[in-house]
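Going line by line, the protein sequences match chains A and B.
As numbered in this note's numbering, residues 1 to 398 make up the first sequence, in order.
As numbered in this note's numbering, residues 1001 to 1509 make up the second sequence, in order.
Misleading hints may appear alongside valid ones.
In silico DSSO-like pairs for lysine-lysine, Cα to Cα no more than 30 Å straight-line [stated by the list, open to error]:
#, chain 1, residue 1, chain 2, residue 2
1, A, 211, B, 1437
2, A, 282, A, 344
3, B, 1091, A, 211
4, B, 1389, A, 368
5, A, 344, B, 1328
6, B, 1389, B, 1447
7, A, 276, B, 1447
8, B, 1085, A, 368
9, A, 282, B, 1470
10, A, 378, A, 368
11, B, 1091, A, 24
12, B, 1328, A, 61
13, B, 1251, A, 61
14, B, 1437, A, 282
15, A, 267, B, 1389
16, B, 1389, A, 378
17, B, 1437, A, 61
18, B, 1251, B, 1268
19, A, 282, B, 1085
20, A, 344, A, 267
21, B, 1091, A, 76
22, A, 282, B, 1091
23, A, 276, B, 1389
24, A, 61, B, 1091
25, B, 1251, B, 1119
26, A, 61, B, 1447
27, B, 1447, A, 344
Sample of chain A residues with no beta-carbon within 12 Å of chain B, all distances over it, derived [said to hold, decoys possible]:
#, residue
28, 32
29, 39
30, 48
31, 52
32, 107
33, 130
34, 140
35, 235
36, 276
37, 294
38, 299
39, 348
40, 352
These aren't lab readings, by the way, just hints derived from the structure by calculation.
No experiment lies behind these values; they were computed from the predicted model shown.
The beta-carbon is built from N, C-alpha and C at its ideal position, and this holds for glycine as well.
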Amino acid sequence: MSESNHDWMFVERPSAATRVEALKYFGVPPSSETELATNINTKRRRWHSRSNGPGGAEIAKLVKDIVRQLEDYLLKGGSFPEGVVAGSQAQQQSRQLPPPNFSSIEQLLELVEALTSRGQYQRAIDTAREGLNKWPESTEVAILFSFAVASAAGTEFQVSNADLNEAIRTSQIVTQNEPTNVTAWWTLSTLLAASGRYEEILLLEAEIVRKLGGIPVPTLLVIARALIRTPDMWRGLEMALRAVESDPTDAGIRLESATIAIEAARKFLPIDSAEKVTDFRKAVSVAAWCAHGVASVEVLVRPFRMWAERCDDKMFTGSHRFRSFVSIITLFIWLPIHNAQANKRLWEIVLNGPSDGQLEFYALSEMKYIQDVHAGIKFMWLENRISWPQKPIGVDLN
Amino acid sequence: MSEIVGIDLGTTNSVVAWTDQNGRTEIIAGPEGSRIVPSVVYFDPEGGIIVGERATQFSVIEPTRAARLFKRGMGLNSFLNNGEKFTVDGKTWSPEELSSLVLKKLVTHASSHLRQEIKRVVITVPAYFGEPERAATRLAGEIAGLEVVRILNEPTAAAIAHGIDQRGQQSRMLVFDLGGGTFDVTVMDIASDGGMTVVATGGDRQLGGADFDAMILEQMADEIDLKFALDLTEDLYAFVDARNKAEEIKKDLSAMQTAQRPLTIGGKPFMFQLSRANFESMIAQQIGDIRDTVMNTLEMAGGGTGGIDEVLMVGGSSRIPIFSSLLKEITGKEPIFSRNLDEDVAKGAAILAAKLRGDASPQSFIDSIPLPVDVASHGLGVSLLEGEKMVNRVIIPSGSRIPASGEIEAFTITDDQMQLQLELNEGDEVDIQFVRKLGESLGNFPKPRPMSHPIRISMSYDADQMIQVKAFDGKTGDFICEINLKHETLLSMSERDKARDFLKGLDFE
Ligand SMILES: Nc1ncnc2c1ncn2[C@@H]1O[C@H](COP(=O)(O)OP(=O)(O)OP(=O)(O)O)[C@@H](O)[C@H]1O
Ligand SMILES: [Mg+2]
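This is chain B alone, in the form it adopts within the complex (with noise of 0.2 Å):
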């Protein structure tokens, strides 16, 4: 049986586990000796590519040729402030690429630590990722030349590394996962055998420690234009220190009352300081969407503030410390961080995958663990007209438990209608305008029909993340058409044939 890894594909840091067939996990450190890997790609002039630590080195001296945040632009055209792309010695590059440039480094470890080479892997995604998404994960694996065994949830990730400690018990945990780009609120069942069950996610995916660092660099920036005048974002090199010396700071205020560092503008010096009670109002915004986050998901999740055992502290901002009241005041419970924050999600990878492999000895506890059940983390619906009005009918909504399917009927439209148009959403909301469209297709009637003849649309959605929709004449079964979404992404499959042949002839570290 060839290895399989589990990999933390984060947006600030990614890691690499394996779990052998005791039950025995390991974080693997690359070459530097370092466990965790920095999710910064940097492009050297001589045409090298450098991924992790010394990228982060060279990104300060050269910010443009280096790349990092790209989890935020996962299945969406760029991850720039800007909207633009990522571009460097005139060659573009997707976030999908950025992506298996760093999965490629992870397995480069893995494959040495191992000594055979690493093809399958088992990757993590933010709960709330939706599917253009999780598709894009694929298939950054793919272009990385790697078989994706399984695209798993982060926050059950932590709950299963966080779960083999403390089997035995029937819960329901809140998992909180704050990490550097994305936030996560999971609430799931916990079985007496260790089973899983996600009950509901809420979430963002454009909030994390990533802008708690923006927000500190703003207020350099709006400190040193009333100093000394000056445009803190004119000068690349002071930004780029300034954005770094940031995000310590903020580090440093989740043990101490007040932190600070020199900055140096204009070949002037210059001490910036902040407090913690300073650092606080000033992301009051994003505390608020946290909380509203975090109430929301209980609601969806039913039973009240008061129904939650256990409260899970996941990813690297979780250790900001008013989250932690926050969670306490909504829970009543106090939150656990585990001991190894910063592994817990690879972790948690890597079991599954032991799990997968199928090769656990019957003395360990891989054999005996429930596979964790998946749910729908967002509803699928179709496009319907009611009335006059456009509308999303939910087929399968969000919770719903992986393999799903479900049916409705729909009635033409007019007489002597010939076609018809499918069209698949994303999103439990019956207002089109706040669902993601994922596909669409026409098809003919066998022959015209009259008005309000009916039409039976079923969906599956299955084990392997793959969507399925047919239509058929709701009188004879005849089949219509299908909208059938499997990696479905932005890149077409030359494009990621030709990315992937790339790869391979790149010399890179």
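Just chain A, with the same shape it has in the complex (with noise of 0.2 Å):
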């Protein structure tokens, strides 16, 4: 059997939430149906013991539990698991929520908390203010209600302005009060990042460290992330690469920082300047420091490392040791020596874009990590489409 034949053994979720996408997920087709129960039994031992082995266990093990439920839906009569389906977000939750009325505080504690871990941040928000109306002295129950709008303001939920402004008020009252009070600074600087109010978040860095004596990692990289978003980028990076120092070994920092320094070199994106060559390539060695030796974030950064080492390399039109590549060593890091013979750099020929009889963007084009760097990046000749031009029909690039 060739190679392809067991691509399906790789595919980590099915496609869609049907029978036809579950037969698929197990390789059938192209086996017959009677095959389906040895399949699911190979998949399922092959992720198995993936997820032994030394390196992507956490994946394996999800990947592994996806087996198992599709064989209960499959062939035990089961329904079709929730939240497996590539590209889905749903989350499942088991806890149950508890009883909406709340007499004491860690009542409303523990509400709060159970709405916004379900993500019903409206709810969480509309409760935590009903327990600031019900215990308005209570510096807890304020540090509460700022908390359950920052973390609302941390992800995809439209938190409105009347809540995002009620909150910096009663969390600068907190902080304030209780000067030593690490959330209460971490929640302040998360809502004035969300509303955009970086000059404050400035001045308020001064102030953390008059009061706390230095700044808590967490708040550390809210600062930080605001700052990728002003002039004072650079500032920024630094921030994240303190955040590291301050503990190499938390994989959850060195996540957070490579994220801020991968927003920070798409701020040069599209590359379009010999200077944005070097700053670009610069946000990406901080990214790439920040993400060493955590497998999972490394793979994050690797499209942004291999564009950052090849954007200023230039392409031999019509030679084939373009496409040779066979085994190649990694990760180099590329010295450019200027050649005044040279043809266009990679970045120029992104940047120009397709035209007519020009070969070199379409093979470029393919290339995966390319496409996925510039995720989301407007070119001129990108105009409204959304998607990279497919190479034309009946080009051979080989």
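Could you use the hints to bring the two separately framed chains together as a complex?
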């Protein structure tokens, strides 16, 4: 059997919640349905073995679990499992929601936390506000309210300006009354960032240092992210690095810092000048440093590293060598040596886009990492289309 | 010649053994007479440190001052369920440091029993342990001030101990080792002279008796919630007591069809009962996982399920009856239990220690048994770009006999390439997501190279489990860069020395 016949074994999630897709997930077709049970077994065992391997255990365990659930569905008459389809954001929540009324602050805390963790942000905010009316003197409840708004602001949920402003006011009062409350500072900076009030965050930074003697890492990261959106971007990256240095073994901090650095790098896309090549590379090297040692974060940064390394490369049109990378050493750092005879740089080709008779662009656009890096980036040539062009029919790039 | 002892450093229990020049092995008991030392460390509020059985007792009273199951965190940052570090009185203890305390205790017993200071040891590890976990085990020994003469795989140790009674036959053996925290399956070929070669290993670093206890504990909590509307996890003492009872019930069920224990919750008594059938359905998922691992390992070994001549059961949890039925069903062979199931691993380590000491009398069997052949339990490879995809290209596949070496050719990726980065990975998978990066290094070409210029990468893995990767210019032979992996762990050298000095000054029993 050829390699490609086994592709289904490596598919992590079914692409739709239908029986046909569930069967395809187990290689039916090309196998016939009589082989279903065997295929399920083989796939489960393959992913089981991966889940005990030296890396990627989390993903493998997740897939193994999906295999089990789909086995139940296909062979044991269960219903199609929830939240397993590729791209679905559906999260399973097994915890029961506590009763909607509360008579103590403790109950209120529990309820708001449960609502937030289920993504019911507006209800969480409204419930916390009810608490605020009931216990207007309680700092704990004040923090809870602004925390609920801040948590919602960190997601795709659209928080109303009224809620944001009220929460900012509330947390400002808390930070005045309880200047050593670490959560309150985090909340306040998150809320200011969500409202785009970056100048105030900069003032906040100095104030926190004065009150706490330093900036706690979660707040440091909020400020770093805010700075990325201001002309003070490089200082933001410095802070991201500081956050990682504070505990180099913390994968969560590395993830957060690396995504901040990627956001910064994306500000230089599309690359349209030599200066941007340098800046993009600088930001990507920060991302790479932040991601260092955490495989799942390194995977995220990798396409950017590849583009940083190659964007200024020259493409020799008509050379076969371009297509002939077979196995090539990775992650080299390439020092450009100026060549007066040079053809175009890769970034120029991407910037200029497809034009008649120019095959280089199509060759480049076939490289997935280049498209990944530029997802959502606007090009002149892209105009109103959302997707990159396919190569012209009948053109053989090899 | 200075003495060497063998140590089984287990997740739940540890054992030290010694073999004399005539090949007679004894398990060394502590002053309290116990041959098995629980791998538990208790930190008393006065600053004293207690290891073993007494630590287990204190851990019931003050669970947050006791560390257990730390072998699961070897080479990682944390062994606690919540991913946090174990901290007591403001000091954080790494799994390596905690293990070194257990080692120190065992070696103290051995020293007073043998009336000389023991400085050298053979320590066993699960066969499925990767490089970082093995390095962490060596480090634990170093922190305890010991020279770790050899790291030996637990199944091999068990097979050595088992094999000395039945030599003379050539056979293929499956060793099923299910302990307190780890699970190992090993298929090995035993030659007629007793020489052993591992053919395939599989396992799970995070599966063992402690997980079965947790399942029972969960059931207890559910019933208590249902009956009294109380949360067992909120009451620390009731919780720890229940956890111990859960283990007792589990052990009872290996001999009986039902078992029960009284629990106390919120001052109320409660009799918890469990049948063997219910227990088995509770751990159905783990049984399924274990079956899959056994099948995968047999497949890797080749020769199918029928090719196994003997099945040896090792580790306390292999006493659970469903596992012997499972293995009988798969292999068609009646599994063998050794008489001293809990001591065989240490015994095998002691025999190897005696062999390495080199002073065995010519009449003893020790002189005649060959040294076991080690194999790499995971593949070793380097990251390469293939097309536009980063892949792991394996140079030394799992199952290779150690010492092993290999070489591949790679190419530069662009014109005027000046540098290259080498990444060493552990794992046999091509997909980079499923391997673990062990090290990296950056080097320069003597001068810029054109695209597709060849690069030679060689790798070696020697008997001391030291890994070396080197890259050379494929045309000129110039050296570019290398990775040397020896005792690299999460602790830096200075941290290690600090830990060792700290340990020296400790008052501990
Ligand atoms: N009769 C029994 N039935 C079921 N389980 C048992 C029985 N006796 C011991 N166990 C379990 O065996 C485990 C201890 O086994 P063992 O001493 O072999 O493990 P270990 O060497 O400490 O761990 P590992 O080898 O995983 O590092 C404990 O979880 C214990 O509850
Ligand atoms: Mg053991």
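Hints versus structure:
Between residue 211 of chain A and residue 1437 of chain B the alpha-carbon distance is near 41 Å, which puts this suggested pair outside the 30 Å criterion. Between the alpha carbons of residue 282 of chain A and residue 344 of chain A the distance comes to roughly 22 Å, so the proposed pair stays at or under 30 Å and holds. Distance hint between residue 1091 of chain B and residue 211 of chain A is fulfilled; the C-alpha atoms sit about 27 Å from each other, no more than 30 Å. At most 30 Å may separate the alpha-carbon atoms for a hinted pair to count; residue 1389 of chain B and residue 368 of chain A meet this at roughly 9 Å.
At most 30 Å may separate the alpha-carbon atoms for a hinted pair to count; residue 344 of chain A and residue 1328 of chain B exceed this at roughly 68 Å. Between the alpha carbons of residue 1389 of chain B and residue 1447 of chain B the distance comes to roughly 27 Å, so the proposed pair stays at or under 30 Å and holds. Our distance criterion of 30 Å between C-alpha atoms is met by residue 276 of chain A and residue 1447 of chain B, whose separation comes to about 27 Å. As the CA atoms of residue 1085 of chain B and residue 368 of chain A are separated by approximately 40 Å, the hinted pair breaks the 30 Å bound.
Of the supplied pair hints, the one linking residue 282 of chain A and residue 1470 of chain B holds, its CA atoms being roughly 29 Å apart against a limit of 30 Å. Between residue 378 of chain A and residue 368 of chain A the alpha-carbon distance is near 17 Å, which keeps this suggested pair within the 30 Å criterion. Only pairs whose Cα atoms come within 30 Å are accepted, and residue 1091 of chain B paired with residue 24 of chain A is rejected, the gap being roughly 53 Å. The straight-line distance between the Cα atoms of residue 1328 of chain B and residue 61 of chain A is roughly 28 Å, inside the 30 Å bound, and the hint therefore holds.
As the CA atoms of residue 1251 of chain B and residue 61 of chain A are separated by approximately 29 Å, the hinted pair is consistent with the 30 Å bound. With a CA separation close to 24 Å, the supplied pair residue 1437 of chain B and residue 282 of chain A stays within the 30 Å bound. Simply put, residue 267 of chain A and residue 1389 of chain B have alpha-carbon atoms about 25 Å apart, close enough for the 30 Å limit, and the pair holds. Proximity of residue 1389 of chain B to residue 378 of chain A is assessed by CA-CA distance (about 25 Å); at most 30 Å being required, the pair is judged to hold.
Of the pairs offered as hints, the one joining residue 1437 of chain B and residue 61 of chain A holds, with about 20 Å between alpha carbons and a cut-off of 30 Å not exceeded. The hinted pair formed by residue 1251 of chain B and residue 1268 of chain B meets the criterion: a straight-line CA distance of about 25 Å does not exceed 30 Å. Restraint check for residue 282 of chain A and residue 1085 of chain B: not satisfied, since their Cα atoms lie roughly 34 Å apart, outside the 30 Å limit. Straight-line distance between C-alpha atoms of residue 344 of chain A and residue 267 of chain A comes to about 23 Å, which keeps the hinted pair within the 30 Å bound.
At most 30 Å may separate the alpha-carbon atoms for a hinted pair to count; residue 1091 of chain B and residue 76 of chain A exceed this at roughly 52 Å. Annotation: proposed proximity of residue 282 of chain A to residue 1091 of chain B is violated, straight-line Cα distance about 38 Å (limit 30 Å). Our distance criterion of 30 Å between C-alpha atoms is met by residue 276 of chain A and residue 1389 of chain B, whose separation comes to about 26 Å. Between residue 61 of chain A and residue 1091 of chain B the alpha-carbon distance is near 34 Å, which puts this suggested pair outside the 30 Å criterion.
Among the hinted pairs, residue 1251 of chain B with residue 1119 of chain B is inconsistent with the structure: their alpha-carbon atoms are about 36 Å apart, more than 30 Å. For the hint linking residue 61 of chain A to residue 1447 of chain B, the alpha-carbon distance of about 46 Å lies beyond 30 Å, and the restraint is violated. Taking the CA atoms of residue 1447 of chain B and residue 344 of chain A, the gap is about 24 Å. The hint holds against a cut of 30 Å. Distance check on residue 32 of chain A: its Cβ is at least 23 Å (rounded) from any Cβ of chain B, clearing the 12 Å threshold; non-interface status holds.
Distance to chain B confirms residue 39 of chain A as a non-interface residue, since its nearest Cβ pair spans about 15 Å, more than 12 Å. The non-interface label for residue 48 of chain A is inconsistent with chain B: the shortest C-beta to C-beta separation is roughly 4 Å, within 12 Å. A Cβ of chain B approaches the Cβ of residue 52 of chain A within 12 Å, the least distance being about 5 Å, so the stated non-interface status is violated. No Cβ of chain B approaches the Cβ of residue 107 of chain A within 12 Å, the least distance being about 15 Å, so the stated non-interface status holds.
The non-interface label for residue 130 of chain A is consistent with chain B: the shortest C-beta to C-beta separation is roughly 26 Å, beyond 12 Å. Separation of residue 140 of chain A from chain B is adequate, the least Cβ-Cβ distance of about 21 Å exceeding the 12 Å criterion. With a minimum CB-CB distance of about 28 Å to chain B, residue 235 of chain A clears the 12 Å threshold, and the non-interface call stands. The non-interface label for residue 276 of chain A is consistent with chain B: the shortest C-beta to C-beta separation is roughly 20 Å, beyond 12 Å.
A Cβ of chain B approaches the Cβ of residue 294 of chain A within 12 Å, the least distance being about 10 Å, so the stated non-interface status is violated. Remark: the non-interface label on residue 299 of chain A conflicts with the geometry, its nearest Cβ contact in chain B lying 6 Å away (cut-off 12 Å). Remark: the non-interface label on residue 348 of chain A is consistent with the geometry, its nearest Cβ contact in chain B lying 16 Å away (cut-off 12 Å). For residue 352 of chain A, the requirement that its beta carbon stay farther than 12 Å from each beta carbon of chain B is met, with the minimum near 21 Å.
Checked against the numbered hints listed earlier, the structure breaks hints 1, 5, 8, 11, 19, 21, 22, 24, 25, 26, 30, 31, 37 and 38; every other hint is satisfied.
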